[in-house]
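Enquirer: Sequence:
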Amino acid sequence: MGKRALILTLSTSVFTGSTLAEGKNDNEEIMVVSSTGTAENTLSGSALNRFRGIANADIFSSETYIQSNNMRNEAGSIDPGIRGLQGEGRVPVFIDGSLQSTHTSRGYQGTSDRTYIDPDLISNITISKGASQNNNAFSSGAIGGVINIKTLSTEDIINPGNNYGLLLKLRTFNNNKKPDIPDDYAEQSYYRLTDKPRGYDFRNGSATLAFGFRDDTVDTVLAYSKRSTGNYFSGKNGFNKFHDPLVFKNEEVVNTYFESESFIYKLAINANDDHHFNLAYRNHRQQAGETLAAYWYKNANDRDFEPLPAGVESMPQWKPGSAIVNAYSAGYTYTPVDNRLINLNLNYWITDTNLKQYNGLWALGTNAQQYLHAYSNNKNGIAIVNESQFNMLTLRYGSSTQKEKLAPKSDGLTRFTAYPTSRHGERRENALFVNGMIESGPLQVNLGINYHNSAAHDFQTHQSVKYQAKADLSSEISYALTPDTTVFVKAARNYRMPSLYETTVSNEIFSYNPADPIAPEVSLQKEVGVKIHHPALLSAEDALDLSLSWFNSTTNNFISPGLKDKTAGMPAWQDNFTFMNYDQLDLSGIDFSLKYNSELFYSAISATLYSKTAVCSNYYAQKYNTSNCNTMGFAWGLTPTRIPAKQNISVNLGKKFRNETVDAGIRYRYHSAKTNPAGWLEGTAANPVIEIPSGYQIDLYGEYILNKNATFFAAVNNVTDRYDIQPGAVISMPDPGRTVMLGVDLRF
70 MGKRALILTL STSVFTGSTL AEGKNDNEEI MVVSSTGTAE NTLSGSALNR FRGIANADIF
130 SSETYIQSNN MRNEAGSIDP GIRGLQGEGR VPVFIDGSLQ STHTSRGYQG TSDRTYIDPD
190 LISNITISKG ASQNNNAFSS GAIGGVINIK TLSTEDIINP GNNYGLLLKL RTFNNNKKPD
250 IPDDYAEQSY YRLTDKPRGY DFRNGSATLA FGFRDDTVDT VLAYSKRSTG NYFSGKNGFN
310 KFHDPLVFKN EEVVNTYFES ESFIYKLAIN ANDDHHFNLA YRNHRQQAGE TLAAYWYKNA
370 NDRDFEPLPA GVESMPQWKP GSAIVNAYSA GYTYTPVDNR LINLNLNYWI TDTNLKQYNG
430 LWALGTNAQQ YLHAYSNNKN GIAIVNESQF NMLTLRYGSS TQKEKLAPKS DGLTRFTAYP
490 TSRHGERREN ALFVNGMIES GPLQVNLGIN YHNSAAHDFQ THQSVKYQAK ADLSSEISYA
550 LTPDTTVFVK AARNYRMPSL YETTVSNEIF SYNPADPIAP EVSLQKEVGV KIHHPALLSA
610 EDALDLSLSW FNSTTNNFIS PGLKDKTAGM PAWQDNFTFM NYDQLDLSGI DFSLKYNSEL
670 FYSAISATLY SKTAVCSNYY AQKYNTSNCN TMGFAWGLTP TRIPAKQNIS VNLGKKFRNE
730 TVDAGIRYRY HSAKTNPAGW LEGTAANPVI EIPSGYQIDL YGEYILNKNA TFFAAVNNVT
790 DRYDIQPGAV ISMPDPGRTV MLGVDLRF
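In this text, residue positions in the sequence shown follow our numbering: the first is 70, and each later residue adds one.
Everything labelled a hint here was simulated from the structure, so no lab data went into it. Treat the hints with care, since some could be wrong.
To be verified - Straight-line Cα separation of at most 25 Å, SDA-like style, residue types lysine to any residue; simulated pairs:
#1 Lys265 to Val809
#2 Lys724 to Phe781
#3 Lys247 to Asp127
#4 Lys724 to Leu613
#5 Lys633 to Thr623
#6 Lys472 to Lys388
#7 Lys539 to Ser468
#8 Lys681 to Gly598
#9 Lys247 to Gly234
#10 Lys367 to Asn309
#11 Lys725 to Phe374
#12 Lys425 to Ala255
#13 Lys295 to Asn339
#14 Lys635 to Tyr693
#15 Lys367 to Asp343
Construct the complete structure from the given sequences, taking the supplied hints into account.
Expert: Next up, the structure:
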């Protein structure tokens, strides 16, 4: 690409994800452009340290275009969406090249696509917005975008000039308390809320120890992390804006505690200038609280039906569920010197996940025990990709195949119906792709085609569902008007084949019904925008970065849970909770980002503003005599939680002192109000939230670099102690109140 057209340029590896651009940025979020032309945002480790929050999903809290599904009630996992597209592979999350997302039933709440990761093990995160064939060899169906997470590298551990080093990261925070949960399932339904701890009571936190070694041939990392968080406590200011909130101000929020242990090992070998190998292994074990929507209530009495003492509140508090993840990846790169036609990458990965969580149905037992079940979700993939460079043309082409299996464990056997609680099936998806980039002076043209099919087999019904191959098409044209200003236009048509979860039967609330087959989603996307990178704007030391774009995403045949008419053979007592094709999900809006860095201060403003949100279903319109389309989704299904708030804004202002050894700043975040459908989940025991008022939070952070071996951190999240509920929440589970975090990084 010509120098005039780019902000930064980097090469992309299929097995390691995007490589970080060199250099420092005070906003710690770097706009990069891959060798295939795709614009990406990269969150650095420094940005993650600044805005860590108390939940793992808070790592995305500054990204206004990302919404997290039900983030306070997902067992410490992350389930991100981009520009309103989320779940079932629409936004896959890759960690060190291996796909991580795990299908999880959430009862009447629908489903989630969980990824388990300890944030202290993250080096950086690269986010690609919108559908593109350039993001990853395994990104078929990624109509929302792709998130690549890179774990700790030797650059994060070893001081410059050294060959080896140790990193010790310690964090602690207040505003949480580990619950004392009885073993008796009946007693768990009558847990008594505890008093909020004092502000100086720092009860829990995390510790990470990492070792790194590097030389001209070998690069290796070994790291271990342990994390413990109790139930947090809500805020208080703004409480009166909410209609009849279940959790009172500064009150304990049940089922939000979390404990994990994680381990990573990474090895890279440069055999010579031509041959490069890498291996990665990650183990994550956790115990985490969560609850189902039907158990979000307060008790009026104790277990013996006696009145509770004055001032005592009681809610169901369950024992933790568990998740164990083992992820492996191996890569080989062949880049012969002086041969521009060969840049060959081979990648193979395995992700084995074993879960025992409260997301089933019809297990033996009472209260929470009836929902506790175990299952496995195992995935693997292999890809071969080559890049060839000609005069003005760069071609990237290859093939990939990935396989997934869902299976119940021994305690997930048949109970009272024909099928076990968990799905039992496997799915395979194959892809062939070619991407081309043409450069001519200030003009760059990117074209891509991805040809992919899928087939799923259900071991319970002994039926198979096959989806014929479809061709994804993508295009992007960019033109450098000046050395600092580039305009671009993008268009794409992509298909998402139904996932394994959506095409297999089970005894969970929402199950595939072979009598109601579903079709692939068809995503049509457009985007027009401008990017400006202006160094030395007002002085020799400052810089301005601006990005502004209009986007439109129309997904035809959008797949989501729903309630349909019964089909032949269904028992009289059973409703047809299944997956269905909604006619259309239409999202349009503006993405805006402005960053200014100078010796005096640094600042960042970002906003994602939706001008149109529409969910359309002719089926529901005829059944309930209502309009074909609405702005909030339909009463039965998961579409309401997927629709983001219309206005999402983040502002960051900071300054560095004392030769940049001291960094202090403030962040303001805002979301507009959101309304879910009246009667949402009506007729069940679920207690969903209907009205979410607009809300904001203010965070403070500070960093002090004592020397090259010691850095101290401090942050106050939600400094004004606001009471707020996330727009993606299903139940009225509030955010944490004011929370102080203290930390230190030590290098040896």
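Enquirer: The structure should be examined with respect to each hint, and the outcome stated for every one.
Expert: Results for each hint:
1. Lys265 to Val809: holds (14 Å)
2. Lys724 to Phe781: Holds. Lys724 to Phe781 sits at ~16 Å (cutoff 25 Å).
3. Lys247 to Asp127: holds (20 Å)
4. Lys724 to Leu613: Cα-Cα ~16 Å, so holds.
5. Lys633 to Thr623: Satisfied, since the Cα-Cα distance of roughly 23 Å is no more than 25 Å.
6. Lys472 to Lys388: Violated. Lys472 to Lys388 sits at ~33 Å, over the 25 Å cutoff.
7. Lys539 to Ser468: holds (15 Å)
8. Lys681 to Gly598: Holds, at roughly 18 Å.
9. Lys247 to Gly234: Cα-Cα ~34 Å, so violated.
10. Lys367 to Asn309: holds (19 Å)
11. Lys725 to Phe374: violated (59 Å)
12. Lys425 to Ala255: Roughly 19 Å separates the two Cα atoms, so the pair holds.
13. Lys295 to Asn339: The hint is violated at about 32 Å.
14. Lys635 to Tyr693: At roughly 16 Å apart (the allowed maximum being 25 Å), Tyr693 and Lys635 satisfy the hint.
15. Lys367 to Asp343: The hint is violated at about 64 Å.
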